[in-house]
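Respectively, the protein sequence lines represent chains A and B.
Those letters in the first sequence? Residues 2 to 96, by our numbering.
Those letters in the second sequence? Residues 2 to 96, by our numbering.
Incorrect hints may have been included.
The list cannot tell twin chains apart, which means a pair is met if one copy fits it or any two copies do.
What the hints assert, rightly or not - Quick list of in silico lysine-lysine cross-link-like pairs, DSS-like style, CA-CA up to 27 Å:
| no. | residue 1 | residue 2 |
| --- | --- | --- |
| 1 | Lys22 | Lys55 |
| 2 | Lys62 | Lys44 |
| 3 | Lys44 | Lys55 |
| 4 | Lys62 | Lys22 |
Keep in mind that the hints were calculated from the coordinates and are not lab data.
Treat the numbers as computed from the prediction; the structure is a model and nothing was measured.
2 protein chains.
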Amino acid sequence: MSWLDVFRGNRKPPPTAGAAKERLQIVLAHERISRTGEDFLPKLQKDLLEVISKYVAIDAKAVNVSLDRGGDMSTLAIEVELPGPKVEPRRQAAS
Amino acid sequence: MSWLDVFRGNRKPPPTAGAAKERLQIVLAHERISRTGEDFLPKLQKDLLEVISKYVAIDAKAVNVSLDRGGDMSTLAIEVELPGPKVEPRRQAAS
Chain A
2 MSWLDVFRGN
12 RKPPPTAGAA
22 KERLQIVLAH
32 ERISRTGEDF
42 LPKLQKDLLE
52 VISKYVAIDA
62 KAVNVSLDRG
72 GDMSTLAIEV
82 ELPGPKVEPR
92 RQAAS
Chain B
2 MSWLDVFRGN
12 RKPPPTAGAA
22 KERLQIVLAH
32 ERISRTGEDF
42 LPKLQKDLLE
52 VISKYVAIDA
62 KAVNVSLDRG
72 GDMSTLAIEV
82 ELPGPKVEPR
92 RQAAS
């Protein structure tokens with residue numbers, strides 16, 4: 002089964018016809034050799050959103066995060082509803 | 002079905018008992034409203050690996066990338082075999 006199939010199967014139907022949303026989903030899975038290995042997914046979460054916000058404007062209220070840990074595997078799923086992609090990287094504000 | 006179940010079902014058995022590898026998988030799915038919407042996943046790929054390499058040493062030869070585009074959805078899957086996580090962020094080399 003391809004990842005396209007997995008995410009299509011996971012797609013939520015839009016509430017009304019005109020309400021289809023652009024959406025970005027990021028799922029990380031960290032498979033550790035031992036159950037006690039360090040889990041760096043929670044630390045990655047902030048960095049990932051920063052990288053993505055270089056390409057699309059992210060509304061913090063439109064971000065849904067779920068972290069799951071089971072034995073030797075952890076998953077981090079981030080779902081972002083997008084207003085619509087701005088393709089050129091956003092220029093950093095002059096600090 | 003949780004993402005833990007999805008990735009467990011997608012797990013490759015190690016060739017020999019002692020050869021279990023630490024592994025990180027990142028899958029992004031971008032659902033566009035129109036089929037012609039811009040696809041920024043290929044541009045994200047390099048940035049994502051840079052972010053992850055802050056937490057674990059990445060061997061370029063141990064990275065497997067697959068990009069899939071189908072109609073209004075694209076997926077980018079990055080699989081990294083890890084030597085073993087170094088938890089504190091790596092100090093940037095003095096340039």
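Next on the checklist: At most 27 Å between CA atoms: does that hold for Lys44 and Lys55 within a copy, between copies, both, or neither?
Outcome noted: both (19 Å within a copy, 10 Å between copies)
Checklist entry - Taking 27 Å as the upper bound on the Cα-Cα distance, should Lys62 and Lys44 be classified as within, between, both, or neither? => result both (20 Å within a copy, 25 Å between copies)
Next on the checklist: Regarding Lys62 and Lys22, is the shortest C-alpha distance of 27 Å or less found within a copy, between copies, in both, or in neither?
Outcome noted: The answer is within: 15 Å in one copy meets 27 Å, while 37 Å across copies does not.
Checklist entry - Under a CA distance limit of 27 Å, which applies to Lys22 and Lys55: within one copy, between copies, both, or neither? => result within (20 Å within a copy, 32 Å between copies)
This entry satisfies every hint, going by the numbered hints stated previously.
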